[in-house]
Structures are given as C-alpha cells and as structure tokens.
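Below, each chain spelled out in residue letters.
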Amino acid sequence: MIEISNLTKMYGDQTAVNNISFSVKKGEIVGFLGPNGAGKSTTMKIITCYMPPTSGDVKVGGLDAREQSLEVRRMIGYLPEANPLYVEMNVIDFLFYIADLRSVPKDRQNGRIRDLIELCGLGDVLHKDIGQLSKGYRQRVGLAQAMIHEPAILILDEPTIGLDPNQVLDIRSLIKRLGQEKTVILSTHIMTEVEATCDRVIIINKGSLVADGPISDLQHDFAGKAVITIELLNPGTGVDKILAKIPGIEDAREIYDPSGAKLYRLVAAPGKDPRPDIFDTAVTLKWTIIGMSRETRSLEELFHQLTTTNGKR
Amino acid sequence: MDKQFTNILPIFKREMKFYFDSPMAYVVIIIFLLFSGWFFTSNFFMVAQADLRVIFGIIPFVYLFVTPALTMRLIAEERKNGTMELLVTMPISDFSIVLGKYLAAVVLLAAMVLPTLLYAITVAGLGDMDFGSTIAGFIGLILLGSAYLAIGTYGSSLTDNQVIAFIVSWLMVFFFFILDKILFFLPAWMVSPVEYMSLEYHFQNIARGVIDTRDVIYYLSLMTLALFLASRSLAARRWR
Chain E
1 MIEISNLTKM YGDQTAVNNI SFSVKKGEIV GFLGPNGAGK STTMKIITCY MPPTSGDVKV
61 GGLDAREQSL EVRRMIGYLP EANPLYVEMN VIDFLFYIAD LRSVPKDRQN GRIRDLIELC
121 GLGDVLHKDI GQLSKGYRQR VGLAQAMIHE PAILILDEPT IGLDPNQVLD IRSLIKRLGQ
181 EKTVILSTHI MTEVEATCDR VIIINKGSLV ADGPISDLQH DFAGKAVITI ELLNPGTGVD
241 KILAKIPGIE DAREIYDPSG AKLYRLVAAP GKDPRPDIFD TAVTLKWTII GMSRETRSLE
301 ELFHQLTTTN GKR
Chain F
1 MDKQFTNILP IFKREMKFYF DSPMAYVVII IFLLFSGWFF TSNFFMVAQA DLRVIFGIIP
61 FVYLFVTPAL TMRLIAEERK NGTMELLVTM PISDFSIVLG KYLAAVVLLA AMVLPTLLYA
121 ITVAGLGDMD FGSTIAGFIG LILLGSAYLA IGTYGSSLTD NQVIAFIVSW LMVFFFFILD
181 KILFFLPAWM VSPVEYMSLE YHFQNIARGV IDTRDVIYYL SLMTLALFLA SRSLAARRWR
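Chains as they are written, first to last, in this note's numbering: chain E, 1 to 313; chain F, 1 to 240.
Careful, some of the hints might be misleading.
DSS-like, lysine-lysine: derived pairs with alpha carbons at most 25 Å apart [said to hold, decoys possible]: (1) 59(E) <-> 206(E); (2) 182(E) <-> 106(E); (3) 128(E) <-> 106(E); (4) 128(E) <-> 182(E); (5) 245(E) <-> 25(E); (6) 17(F) <-> 25(E); (7) 206(E) <-> 245(E); (8) 286(E) <-> 245(E); (9) 181(F) <-> 80(F); (10) 181(F) <-> 135(E); (11) 182(E) <-> 206(E); (12) 17(F) <-> 106(E); (13) 182(E) <-> 241(E); (14) 128(E) <-> 181(F); (15) 241(E) <-> 206(E); (16) 26(E) <-> 176(E); (17) 128(E) <-> 80(F); (18) 106(E) <-> 13(F).
Covered stretches of chain E (chain F as the covering partner; in silico rule of three or more C-beta atoms under 8 Å from a C-beta of chain F) [what the hints assert, rightly or not]: (19) 21-28; (20) 43-56; (21) 110-124.
Computed, partial: chain E to chain F, Cβ under 10 Å [stated by the list, open to error]: (22) 89; (23) 92; (24) 97; (25) 98; (26) 280; (27) 283; (28) 284; (29) 288.
Calculated directly from the structure, the hints in this document are not laboratory data.
Quick reminder that beta carbons are idealized off the backbone N, C-alpha and C, glycines included.
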C-alpha cells in the first residue's frame with residue numbers, strides 16, 4: 001500500500017530524514033516511534049504530499065506521490081501534528097467544508113458526517129466554534145476530518161496527544177477498529193500506545209531507521225534480562241547477598257520502599273528463570289514470600305536503548 | 001504532472017462567507033463608497049460635464065489602499081494558523097487554492113464598485129451621457145481592480161503576517177500605479193514600454209469607450225502571472 005525507498009529529506013544542510021526505506025501492507029497498523037525531532041513528522045508530511053523528499057521515492061497504492069500527487073492525496077486521510085483547524089468555524093460547518101474539499105458527494109455528506117459525529121463523540125459540540133473547544137475535542141474534530149472521505153490510508157501524527165486517559169483509550173480502540181479495513185500509520189513517542197494499538201513498529205532516531213518489525217519479534221530480539229521483584233515478610237539481614245548467590249541471578253539488591261515492605265530487585269541472566277530456586281531458598285531459610293513478579297524487557301526500555309546509544313542493530 | 005484546475009468551489013464559498021459574515025466586507029465597501037463619493041461630488045459641479053471622468057480618475061487611487069486590505073489575509077492567515085497544511089494535503093492543486101480565494105475577492109470588489117453605477121444614473125439625468133464609455137469604464141474598473149487584487153493575493157502568499165502582506169502588496173501595486181505618472185522624467189525610448197506596463201494607462205484607454213484586446217490582454221496576463229507566482233509561493237514549502 002505504501003512503499004518508501006531511500007527517502008531523504010534535507011532542511012538546508014540539516015538532514016531530517018536519512019535514507020529510510022520501508023513498506024506498509026494493506027490493513028496494517030504501523031506505529032512510528034521515535035524521540036522528538038527524529039523525523040517522524042517529516043516522513044509523514046512527505047507521504048501526505050505536503051512536501052516532496054530531497055531524494056528517494058514514495059509510492060502510495062502504486063502511484064508516485066510526486067507525479068500523481070492529487071490521486072495520492074485522495075487516498076489518504078491526514079491528521080497533522082499541530083492539528084490545525086479553522087478556529088472561527090463551528091464543528092458542523094467545518095466538517096461540511098472538509099467534505100466539500102474532499103469532493104464527498106452531496107447526497108452522502110449528511111450520512112457520513114452523522115456517522116463521524118457518533119464515532120468521534122462530537123454530538124455535544126456541533127454548533128460550538130472550534131476555537132472554544134478543549135484540546136481533546138479538537139483532536140476528535142481533527143480525526144473526524146481525516147476520516148471524512150473514507151480513505152484507505154490514515155496517517156495520524158500523534159493522534160492521542162492532549163487527550164485525557166479515557167479519551168486515549170477511546171481513540172486507541174477506534175484506531176484498532178479502523179485498522180481492520182484501513183492501513184494506518186500513527187506516530188507517537190508513547191510506547192504503551194504502540195503496544196496497545198499497533199501490529200508493527202518502526203523506530204527511527206535522528207532521521208535513520210533503527211528497528212522495524214512486529215512488536216513481539218522486536219521484544220524477543222532485544223530482550224535479554226528479565227527483572228524479578230520479590231517481597232518478603234520480615235527476613236533477616238544479608239538477604240540480598242544470599243539471593244545473589246542463587247544460580248541464574250546476576251544482581252540482587254534491596255529496594256527502599258516507604259511503606260516499610262521488604263522488596264528486592266533481582267536481575268536474571270539471559271534465558272534463565274530462577275524463580276523455582278528462589279522459592280526453594282526461601283523455604284530452606286524460612287522466609288515468607290508474599291509477592292514475586294517477573295517482567296521482561298519492555299518496549300520502553302528497548303526504545304530507550306535504541307534511541308540513546310544511536311546504535312544500529 | 002497534476003492538473004491545475006481542481007475543485008475551487010468550496011474554497012471560493014468559504015472566503016465569500018468569511019467576507020460577508022464578518023463586518024469586513026461592509027466596512028471596506030462603506031469606506032470605498034465614502035471616499036469615491038466624496039471625491040466625485042466635490043469636483044463634479046466644477047467640471048459641469050455629464051460624464052464620469054472624475055470618478056474614473058479617482059477610483060484607481062482609492063483602489064490602491066482598499067485592494068491590499070481585501071487580499072492581505074487570503075493566504076497569510078492560513079499560513080499563520082497552520083491550516084495551509086490541511087488545505088494543501090487535500091486533493092486540490094495549489095493554483096486552485098489561490099484561484100478560489102482570489103475569485104472571492106473579485107466578487108467582493110464587484111459588489112463594492114457596482115453601487116457607484118448610481119453616480120452614472122444621477123449623471124444621466126443631468127445631461128447627455130456617453131453610455132458606451134460609461135459601460136466600458138465600469139468594465140475597465142473591474143479589470144483594473146482584479147489586477148490589483150491578483151497582485152495583492154501574491155503579496156499575501158509571501159508571508160504569514162497580514163500587516164506585512166498589506167505593505168508588500170501596497171508597494172507592488174504602487175509600483176505599477178506610479179509608472180505612468182513618472183513618464184515625464186524618463187528618456188524618450190523608455191516612455192512607451194513603461195507606459196505599457198502601467199496599470200492605469202490601460203484603464204484610461206478602456207474608459208475612453210474602446211475595449212481594445214491589447215488592454216484586456218494586458219490585465220489578463222498580469223493577473224495570470226500574479227496568481228501563478230502566488231501558487232508557486234505556496235509550493236515554496238517544497239524548497240525548504
């Protein structure tokens with residue numbers, strides 16, 4: 001559906017996007033992840049024909065974004081990062097205006113806009129000026145705007161920014177639902193968002209692609225050490241030293257907890273699960289375990305590792 | 001390559017709505033009519049001729065200030081608010097965006113000039129009037145004003161600041177306005193080409209009652225050039 005090859009964008013002598021290639025299949029939800037200034041928005045602006053690349057090719061639905069830009073724009077619904085809207089228009093007039101700009105046939109506009117009002121929860125603010133709306137409502141207007149012509153491709157630049165936690169969940173489930181039939185690219189720097197909504201993640205840093213693949217694969221590839229947290233009831237002293245001697249544990253230390261609970265954080269060696277050994281040790285030493293949990297490397301850590309060391313795989 | 005003419009109607013309609021839903025249009029029309037009316041009546045009885053030469057002499061000058069005010073926000077405002085990003089990612093060509101906005105300004109200009117036909121009716125009651133040259137004069141006024149507006153649209157496309165858009169447009173329009181007033185200072189070989197470039201020279205030709213294709217072509221090519229430049233400057237995001 002979207003094919004990007006050797007895409008480079010320079011702003012003056014600054015490289016915003018550096019030789020990126022990837023492709024997105026129909027029906028995929030792709031999360032575009034990267035720190036601020038990584039080149040996410042720039043790449044999206046190029047796909048949506050806001051600006052052309054310095055070099056490289058963008059093909060959308062088999063059409064070249066430069067040569068057949070109008071056709072490409074027809075296929076795409078776009079929510080820009082700043083979500084610019086006409087503040088002096090009211091919501092309903094704005095939606096009809098966009099429907100006109102998108103050449104949605106007159107006889108289908110009413111029905112389409114009614115659907116979107118319900119989908120995006122805009123019923124209460126229809127006749128308010130956009131300038132008076134809260135950020136959350138504006139974001140929903142922006143989403144409605146992007147979907148008005150039932151595009152095959154949705155490009156959403158930070159779609160959940162400025163929303164409260166409930167709205168974030170709403171929008172995520174909306175995106176997931178849309179993703180069943182549409183191709184979606186969304187950018188974010190919130191890791192949980194990608195884990196919650198996307199099939200696949202593309203991580204870029206400083207304009208270069210550093211990782212691309214299904215989330216589970218990435219976690220597997222980059223995963224290594226699991227972290228185990230245990231809570232004990234009134235153990236003696238020197239517990240951390242004893243724990244550190246258990247095979248398969250690389251590091252153990254007590255973590256301070258203001259409520260007085262005795263918590264220990266253990267780092268397991270790659271591919272090892274020392275929990276049974278921990279249990280056995282506790283039994284022999286008559287410790288009472290009241291909590292034990294194991295976490296694998298989260299996408300958040302993965303992201304941190306990939307984008308701070310600037311290391312390629 | 002993409003086609004240049006796409007759906008301009010929604011853009012045109014929105015601009016019209018903006019002009020006439022706000023006090024903008026009415027204020028500009030009233031100021032225009034006050035100025036032209038005052039200049040018209042204050043000289044009319046001294047000239048004692050049943051024609052509109054006075055008004056045709058003064059309106060190009062009033063245009064100089066009114067037209068940049070009509071066009072200053074057209075593109076500059078969209079740039080400032082960032083809505084240009086929304087607009088240019090719609091399936092609408094840059095040229096159509098410019099054209100839709102420009103045509104709305106032209107309609108407003110026509111609505112502004114049309115009431116001055118009342119002067120013509122008044123004058124017609126007072127003596128023999130040359131209807132041919134009067135009609136030609138009004139057509140000329142619209143053409144002249146449209147050329148000013150096209151230049152103003154270009155001015156508005158250059159910046160995201162409306163005040164700067166006004167000043168830049170004013171300077172550009174003033175350049176074309178002043179050309180036929182400085183012919184006296186020019187060497188003989190320059191007179192004819194400079195005169196041809198001047199906005200008002202062609203208008204005065206038309207106002208004499210002869211709609212010559214050369215004059216019409218001058219205006220049309222000036223408008224096309226200015227609008228083309230404006231659409232190029234929309235695309236200037238592409239140079240970055």
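Verification of the hints:
1. 59(E) <-> 206(E): 23 Å, holds
2. 182(E) <-> 106(E): OK: residue 182(E) and residue 106(E) at ~24 Å, within 25 Å.
3. 128(E) <-> 106(E): 23 Å, holds
4. 128(E) <-> 182(E): Distance ~30 Å between residue 128(E) and residue 182(E) Cα, so the pair is violated.
5. 245(E) <-> 25(E): 49 Å, violated
6. 17(F) <-> 25(E): Between residue 17(F) and residue 25(E) the Cα gap is close to 42 Å, so the pair fails against 25 Å, i.e. violated.
7. 206(E) <-> 245(E): 42 Å, violated
8. 286(E) <-> 245(E): Given that 25 Å is the threshold and the Cα spacing comes to 17 Å, the pair holds.
9. 181(F) <-> 80(F): Outside the cut-off at roughly 37 Å; violated.
10. 181(F) <-> 135(E): Violated - the C-alpha atoms of residue 135(E) and residue 181(F) are around 55 Å apart, more than 25 Å.
11. 182(E) <-> 206(E): Not satisfied, since the Cα-Cα distance of roughly 29 Å exceeds 25 Å.
12. 17(F) <-> 106(E): Distance ~19 Å between residue 17(F) and residue 106(E) Cα, so the pair holds.
13. 182(E) <-> 241(E): 54 Å, violated
14. 128(E) <-> 181(F): Outside the cut-off at roughly 52 Å; violated.
15. 241(E) <-> 206(E): 42 Å, violated
16. 26(E) <-> 176(E): Roughly 14 Å separates the two Cα atoms, so the pair holds.
17. 128(E) <-> 80(F): The hint holds at about 22 Å.
18. 106(E) <-> 13(F): Roughly 15 Å separates the two Cα atoms, so the pair holds.
19. 21-28: Three-residue rule not met by the stretch 21-28 of chain E, so violated; n is 0.
20. 43-56: holds (count 6)
21. 110-124: violated (count 0)
22. 89: 8 Å, holds
23. 92: 14 Å, violated
24. 97: 6 Å, holds
25. 98: Because about 8 Å separates residue 98(E) from the closest Cβ in chain F, which is inside the 10 Å limit, the hint holds.
26. 280: 62 Å, violated
27. 283: 64 Å, violated
28. 284: 67 Å, violated
29. 288: Cβ of residue 288(E) sits 60 Å from chain F, so the hint is violated.
Comparing the model with each numbered hint stated earlier shows that hints 4, 5, 6, 7, 9, 10, 11, 13, 14, 15, 19, 21, 23, 26, 27, 28 and 29 do not hold.
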